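Asks: Sequence:
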Amino acid sequence: MAVIVKTQFTEALTGGAQPALGMPATAWHAPAWQALWAQVAAHLQAMQAHPARSVVLLPFFQLQAVARASIGQSGLFGGFLPRLETTKSWSQRISHHVPSELDISFDAGLDSLRASTWLQRAGLGAKQGILSGALVDTAHQLGAVVAAVPPAQRTDWAVQARQQALQGLDGNPLVYEAAVARIALEWAVASRYASDVLFEPGLRSSLDALVVVQGLQANPLAAALAAHWSAVSCTAQWQPVNGKPEIALHTAHNAHDEADRAAACVLRRIAQGAVPVALAAVDRVSARRISATLQLHGALLRDETGWKLSTTRAAASLMALLRAARWKAQGEGADDALLDWLKHTSVPAAQVHALENALRKPNSTPAQKHIAREAIKFIVSEDTAVSIDELLTGLRASRPMAPWLASLEQALRTTGQWGALVADSAGRECLQAVHLMQPELVQAHTAHVPLAEFSAWATDCLESASFKPAVDAAADAAQVVVLPLAQVLARPFASIVIAGADEQRLPASPEPQGAWSSAQRAALRLPSRETLGAEQQAVWQCAMQVPLVDILWRSTEGEQALLPSPLLQRWRLGQAAQGHNVPQGIDPRDDALQSARPTLPPQPTAGTLKVGKLSASSYGDLRTCPYRFFALRLLGLQDAPELDAEVSKRDFGSWLHSVLSDFHTRRKAALESGQPATPDRDLLDQCATEQKIADSGFIPFTAAWPQVRESYLLWLAQHEAESWQFDQAELERTLEHASEGAQRVTLIGRLDRVDRLSRGPMAGTAYVLDYKTESTQASKERVKNPLEDTQLAFYAALLGEDDIHAAYVNVAERECKITPQPDIMAARDAVLQGISIDVQRIHAGHTLPALGEGKTCDFCAARGLCRKDMWTL
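For the working numbering, count along the sequence shown from 1 and bump the result up by 2.
Be aware that one or more of the hints could be misleading.
[What the hints assert, rightly or not] Below, a list of computed lysine to aspartate or glutamate pairs in the DMTMM-like style, where the Cα atoms sit at most 20 Å apart:
1. Lys651 <-> Glu815
2. Lys379 <-> Glu358
3. Lys782 <-> Glu817
4. Lys786 <-> Asp682
5. Lys651 <-> Asp641
6. Lys129 <-> Asp139
7. Lys857 <-> Glu815
8. Lys870 <-> Asp641
9. Lys694 <-> Glu815
10. Lys345 <-> Glu376
11. Lys371 <-> Asp641
12. Lys819 <-> Glu783
Since the hints were derived computationally from the structure, they do not count as laboratory data.
Remember, predicted model here, so these are calculated numbers, not experimental data.
When you get a sec, could you build the whole thing from the sequences and use the hints?
Replies: In structure tokens:
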């Protein structure tokens with residue numbers, strides 16, 4: 003049987019490039035740029051301005067390179083050209099702004115510290131943990147508005163804002179939200195901003211003319227500058243390109259199909275020569291998937307959006323040190339944090355690996371784990387051994403921010419992490435984000451900060467910063483540019499791919515920031531929902547002017563059906579009204595005919611592997627699923643246990659086994675020695691206390707212990723009344739077993755408990771008991787069919803006596819019950835015979851198929867190996 007599958011489009015890599023469809027990228031924007039420069043030249047001529055003393059304000063930084071190329075080709079300005087700036091570059095060129103300790107810096111880390119100061123001044127210092135984040139967000143919103151108000155007018159603006167936007171908040175049930183709004187407004191008005199130099203009167207002496215190029219989204223600061231310098235300024239409009247773009251619509255099945263098909267669309271455009279291709283970052287997750295596929299296919303790519311700095315490996319290295327600093331206080335509960343940090347240090351990898359193996363070893367005692375940790379006690383730094391305990395303990399003391407940064411830098415240098423961070427571009431960004439490169443900026447913050455609070459602050463710094471790889475010469479000639487949709491304006495892209503054009507990711511109007519009402523937004527000059535919707539529509543119309551357009555959306559999100567974006571639906575209706583038919587795009591991925599290759603269950607054989615030892619659990623694996631036995635027992639593959647796993651009922655069961663073993667051993671020794679016997683209840687509590695697990699997760703089991711103890715003692719009294727007495731606990735036994743024609747195998751095991759009959763004609767008869775914390779019903783199911791009950795039968799075989807009783811003891815809060823296996827001797831003989839047959843078949847080369855089902859598979863560590871979920875049956 004053969005099936006048709008989609009394979010990635012690869013023509014761009016195989017040299018099969020075709021001529022670009024539509025107008026070349028270098029030409030289709032030229033008339034619009036020429037018209038823009040004509041507006042600029044006309045204004046300069048009207049102002050009798052010298053080009054070198056004139057400024058053209060562009061809406062965003064990425065336009066500067068395109069503008070420089072096109073203005074030089076315009077031939078309108080002679081030998082001198084006007085300066086091409088953005089509001090940020092212009093203010094930085096004039097003056098280097100250093101925010102004071104109470105200014106809004108638009109740096110999340112610094113502003114969170116300053117927010118604490120403002121809250122303390124307002125009498126809300128006790129609430130800074132829950133209010134600082136909201137205050138910083140609100141202050142950043144208002145700061146962008148206030149920065150666009152000329153400094154001389156801010157006092158009057160603030161009076162009006164307080165009256166119109168904040169009036170009536172007194173008595174508001176949302177008292178803290180109201181307080182945050184008031185403080186944020188005062189903070190924003192009191193701050194100085196880097197752009198304030200653009201309103202200075204002295205700037206006029208060096209400025210003959212100002213042209214503000216309007217973008218697709220509102221720029222309050224640029225508009226305010228145009229109004230402030232109205233005597234020499236004008237606003238230039240970008241003229242739309244009247245082309246006839248070729249647009250293809252693609253409906254994808256899901257997120258994976260959308261990303262795969264979008265990457266194929268990009269590769270097709272590259273093959274056609276329609277470069278550069280704009281890849282709109284409508285959805286960052288989808289854009290990252292597409293970018294990864296393109297890089298895999300060798301496409302030259304430049305990402306102008308970046309990704310969160312906190313997701314980089316450098317950030318993980320930095321934060322690993324702070325998380326590990328809590329290890330000494332939290333003990334073994336933070337072993338994962340310790341190991342994660344050590345992997346970033348100069349400690350040899352072999353030593354860290356050995357420590358991890360020791361810590362993950364099943365059933366390791368706290369003492370054994372302590373010995374494993376002691377194996378790595380020092381970090382060698384510049385031929386000096388530094389104690390890990392001392393280094394981490396030194397980071398746990400509270401201190402002001404500046405000493406915190408000094409201590410963190412010293413620790414990073416000691417561990418060898420500093421050099422790795424400085425050598426990495428993302429690492430340098432991380433050091434800059436947490437102000438390790440400029441510690442003087444936090445000198446004013448003298449309040450003592452604990453480790454947890456400092457760690458949270460560092461996390462916020464990394465979360466709020468973006469990492470954008472440096473643009474090299476190859477990236478300048480990138481075939482694909484990942485960018486926000488609004489920054490397609492005026493850039494000579496030959497084609498654009500818009501993935502994620504569905505109702506969720508590309509709504510008709512973005513949600514306005516903050517919890518402001520419509521009236522408050524108008525009073526504070528914040529953009530309204532209607533304004534944001536108009537800007538979104540303008541962005542969409544601009545994207546639709548690119549010569550070649552591929553629009554993709556997914557029809558489903560999990561089980562939810564998705565509609566196309568309202569922008570796309572409105573545009574399609576407009577096209578239909580004009581009689582234009584927008585066709586569905588042809589899937590650019592190639593169809594390939596592949597022969598069906600069913601995935602069948604594995605059928606391994608033991609080969610040269612021999613069954614030398616068998617325990618009750620390993621033989622149980624063999625009977626429930628031969629493949630599990632093959633993978634976990636013969637090959638020795640095991641799950642790496644979680645280091646910081648929560649205390650579970652299984653841990654309680656192990657603890658209970660130890661407590662009861664200790665209790666009965668000490669109780670028997672006291673009786674045999676003739677010493678005064680401790681009351682059973684007191685002795686049992688003493689054993690439980692001595693072996694108590696020091697973990698908060700064990701509290702529920704500790705609370706249940708009195709009921710468990712009483713139910714067990716009640717059962718014990720009844721059991722001993724029947725003349726059964728405790729003999730041994732945790733009895734380790736081995737048995738060499740072989741039958742005719744079978745290889746010898748050693749049976750091994752540990753019996754929880756063996757009792758003996760104390761009187762009567764059957765005195766000395768053994769009673770094999772196995773503790774269970776499962777339900778009584780589960781134990782009854784075990785003994786229902788004697789030939790299926792492997793565990794008790796195996797233990798009976800190990801004991802090697804002729805007349806044996808066996809039972810499960812169900813220890814629980816409400817009642818302790820015994821569930822006997824009445825046919826234990828028949829079950830024992832059947833197990834021994836089964837072992838002989840099964841071992842002989844394994845050594846004869848019979849397959850070990852994956853036959854498990856039900857709960858056997860639900861909790862099987864080998865399921866990822868047998869790949870049961872992938873079988874074709």
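Asks: If a hint holds in the structure, say so; if it does not, say that too.
Replies: Tested hints:
With a CA separation close to 13 Å, the supplied pair lysine 651 and glutamate 815 stays within the 20 Å bound. A distance of roughly 14 Å separates the Cα atoms of lysine 379 and glutamate 358; the hinted pair therefore holds under the 20 Å criterion. For the hint linking lysine 782 to glutamate 817, the alpha-carbon distance of about 15 Å falls within 20 Å, and the restraint holds. At roughly 34 Å between alpha-carbon atoms, lysine 786 and aspartate 682 are farther apart than 20 Å, so this suggested pair is violated.
For the given pair, lysine 651 sits about 19 Å from aspartate 641 by alpha-carbon distance, which is consistent with the 20 Å threshold. Only pairs whose Cα atoms come within 20 Å are accepted, and lysine 129 paired with aspartate 139 is accepted, the gap being roughly 16 Å. Of the supplied pair hints, the one linking lysine 857 and glutamate 815 is violated, its CA atoms being roughly 25 Å apart against a limit of 20 Å. Taking the CA atoms of lysine 870 and aspartate 641, the gap is near 18 Å; set against the 20 Å cutoff, the hint holds.
For a cut-off of 20 Å, the pair hint linking lysine 694 to glutamate 815 stands: about 18 Å separates their Cα positions. Simply put, lysine 345 and glutamate 376 have alpha-carbon atoms about 17 Å apart, close enough for the 20 Å limit, and the pair holds. Restraint check for lysine 371 and aspartate 641: satisfied, since their Cα atoms lie roughly 18 Å apart, inside the 20 Å limit. Proposed proximity of lysine 819 and glutamate 783 is supported: the alpha carbons are some 14 Å apart, at most 20 Å.
When held up to the earlier numbered hints, the structure conflicts with 4 and 7 and fits the remainder.
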